[in-house]
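Engineer: Residues per chain are reported as follows:
There are 2 protein chains.
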Amino acid sequence: MTQMELNKRQTEILEIVKADGPITGEHIAERLNLTRATIRPDLAILTMAGYLDARPRVGYFYSGKKQVHSVGDEMIGMQVGDFQSTPAVVTEHSSVYDAICQMFLQDVGTLFVVDEKACLTGVLSRKDLLRTSIGNTELEKIPVHVIMTRMPNIVYCHKKDTLLSAARKMIDKQIDSLPVIGTATEGLEVVGRITKTNITAAFLTLAQDHEL
Amino acid sequence: MTQMELNKRQTEILEIVKADGPITGEHIAERLNLTRATIRPDLAILTMAGYLDARPRVGYFYSGKKQVHSVGDEMIGMQVGDFQSTPAVVTEHSSVYDAICQMFLQDVGTLFVVDEKACLTGVLSRKDLLRTSIGNTELEKIPVHVIMTRMPNIVYCHKKDTLLSAARKMIDKQIDSLPVIGTATEGLEVVGRITKTNITAAFLTLAQDHEL
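Protein chains in written order, with our numbering: chain A, 1 to 212; chain B, 1 to 212.
The set of hints was computed from the structure by calculation and includes no laboratory data. Mixed in with the good hints there might be a few duds.
[As the list claims (entries may be wrong)] Sample of chain A residues lacking proximity to chain B, with all beta carbon distances greater than 12 Å (derived): (1) 35; (2) 41; (3) 87; (4) 126; (5) 153; (6) 159.
[To be verified] Result set (DSS-like, lysine-lysine): computed pairs, CA atoms no more than 30 Å apart in a straight line: (7) A:159 to B:173; (8) B:169 to A:159; (9) A:159 to A:127; (10) A:117 to A:159; (11) B:159 to A:173; (12) A:117 to A:169; (13) B:159 to B:117; (14) A:117 to A:173; (15) B:18 to A:127; (16) B:141 to A:141; (17) B:169 to A:160; (18) A:173 to B:127; (19) A:8 to B:117; (20) A:173 to B:173.
[Claimed, not checked] Output of the computed footprint for chain A on chain B, the stretches with three or more beta carbons under 8 Å from beta carbons of chain A: (21) 43-49; (22) 91-104; (23) 127-138; (24) 164-172.
We put the CB at the ideal spot given by N, CA and C, even for glycine.
Extracted from the complex, chain A is given alone in its bound form (with noise of 0.2 Å):
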């Protein structure tokens, strides 16, 4: 990465700029106690990597927020919560018929399976859905717990997890989507749901403010 790391002297200088810009270099030379000469460098360096913006006779200023983020900065900084999907859940006697009418109905790929505390117990994908279908003509008679994946094979995120991991854990473990399990104590309480197409719009998002 080109990123730079600024130094001790180049955070305090657009510090003051950030404070009292547009401001001069011998301004900003006094307040350092420095000369001018010594922190040319310094104020080239800001300039040149965007931080501050320099116009004669009027001084420096700061070019505003958007630029002090990098790309990757902005990667590592998104997390589930901030891209997550309202879950889909059915109950645990719900029928494979009423499943595959809910996945319809709310056009989602995966459907999360919940216990009468409202519990996560399970997770029916389209391609488990699917295979039970096939030529079989009594999906009112077969409830969802008999073909859905079951914990331990669960796999899920919290909110406050990086992005990159939840997408990390789907292309490891071959999933489309992920439950989004909330902070109570007992139980797997669903909060959210997080899949390849959050992901793909996150892609989207960096390349939109970054004007890629």
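For this one, chain A is given, so just place chain B on it according to the hints.
Structural biologist: Frame of chain A, contents of chain B only:
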């Protein structure tokens, strides 16, 4: 972005160090017919930005290719052809039953339908197949061309397209996968498949390449 634009002199210095580093500041200045003092800010900038490394009594040397590309640069440079998967195809006269089997055998979420000239005529999603299979016991008798999405409703892309443009198409059209079309002048030759899984993998590649 804090990504820096190098000026002409800095680019020249970088070229000199790439070709002949390690090289001292004095020697770089000589080569450019400038004084050491003149190029001091440029060397400081190049070092701080991670393009060059400096060692006492040795001089400046090039810090390695990886560091001259920012996350943003790499993101813009990503092309469909570098991330695409193998396409999974069925012919127009295949049955829905055959298509479902192919979808499971090849473990894909989308099948492309081709005519006798191997040109794209349709797309089948897991959702299309699930919708058709509910309560239907004669899936062997329904040809896929009855249920597939046809042109002009098929959204596709090319190998040389940016991954960003492919991601944008998938999000805008709410689809999980795009066929990648070759350069043959007649018909739409399917040469690949790009999915939200590929985009998610690219997202992780960005992070890994830049050690995020």
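Engineer: All the hints need checking, so say for each whether the structure fits it.
Structural biologist: Status of the hints after comparison with the structure:
1. 35: Consistent with the label, residue 35 of chain A stays out of reach of chain B, its closest Cβ about 15 Å off (over 12 Å).
2. 41: At roughly 4 Å from the nearest Cβ of chain B, residue 41 of chain A sits no farther out than 12 Å, so the non-interface label is violated.
3. 87: The assertion about residue 87 of chain A holds, with a minimum of 18 Å to chain B.
4. 126: Violated: least Cβ distance 5 Å, not greater than 12 Å.
5. 153: Fine: 18 Å to the nearest Cβ keeps residue 153 of chain A off the interface.
6. 159: Its Cβ never comes within 12 Å of chain B, the nearest being 19 Å, so this holds.
7. A:159 to B:173: The given pair, whose Cα atoms are some 27 Å apart, holds under the 30 Å limit.
8. B:169 to A:159: With a Cα-Cα distance of about 27 Å, the restraint between residue 169 of chain B and residue 159 of chain A holds, given a limit of 30 Å.
9. A:159 to A:127: holds (26 Å)
10. A:117 to A:159: Holds. Residue 117 of chain A to residue 159 of chain A sits at ~21 Å (cutoff 30 Å).
11. B:159 to A:173: holds (27 Å)
12. A:117 to A:169: holds (27 Å)
13. B:159 to B:117: OK: residue 159 of chain B and residue 117 of chain B at ~21 Å, within 30 Å.
14. A:117 to A:173: holds (28 Å)
15. B:18 to A:127: Violated, at roughly 53 Å.
16. B:141 to A:141: holds (25 Å)
17. B:169 to A:160: The given pair, whose Cα atoms are some 29 Å apart, holds under the 30 Å limit.
18. A:173 to B:127: Status holds; Cα separation ~22 Å.
19. A:8 to B:117: violated (66 Å)
20. A:173 to B:173: holds (27 Å)
21. 43-49: holds (count 4)
22. 91-104: holds (count 4)
23. 127-138: holds (count 8)
24. 164-172: It holds: at least three residues are needed, and the segment 164-172 of chain B offers 5 whose Cβ sits within less than 8 Å of chain A.
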